[in-house]
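S.K.: Sequence:
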Amino acid sequence: MEKYLEENGVNMSLELKEEAEEVEDDLRFLHFEYLKKKKASQILHRNQVKFLRHIGMLPKPETASAEVSADFPIDLDTFRYYAEKY
4 MEKYLEENGV
14 NMSLELKEEA
24 EEVEDDLRFL
34 HFEYLKKKKA
44 SQILHRNQVK
54 FLRHIGMLPK
64 PETASAEVSA
74 DFPIDLDTFR
84 YYAEKY
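Numbers in the working numbering are just positions in the sequence shown, counted from 1, shifted up by 3.
Just so you know, the hints here were simulated from the structure itself, not pulled from any lab data.
Hints are not guaranteed to be accurate.
[As the list claims (entries may be wrong)] 27 Å max Cα-Cα, derived DSSO-like pairs, lysine-lysine:
1. K39 - K53
2. K63 - K53
3. K42 - K53
4. K53 - K41
Bear in mind the structure is a predicted one, so any value in this text is a computation, not a measurement.
Please work from the sequences and hints to get the whole structure.
M.R.: Put into structure tokens, the structure is as follows:
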């Protein structure tokens with residue numbers, strides 16, 4: 004090791020550190036590109052599903068009904084209790 008350092012005048016650990024930093028930068032860039040492409044594919048898929056539902060090739064999702072039935076008689080005692088409380 005000492006012979007290599009004397010001949011080349013270079014510290015190997017510094018070279019390895021620089022190479023590791025370059026690889027880390029490349030990985031960060033690739034990860035960012037991956038996230039952009041993943042987001043784009045999700046948006047494309049969502050738009051395709053919307054279109055296919057609109058033209059009737061896919062069934063529309065079931066929605067919960069929020070209808071309220073007024074067939075039940077009002078309990079006057081409960082009504083008075085909440086009217087006084089609030």
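S.K.: Let me make sure I understand: some of the numbered hints might not hold for this structure. Which ones are they, in numerical order?
M.R.: none
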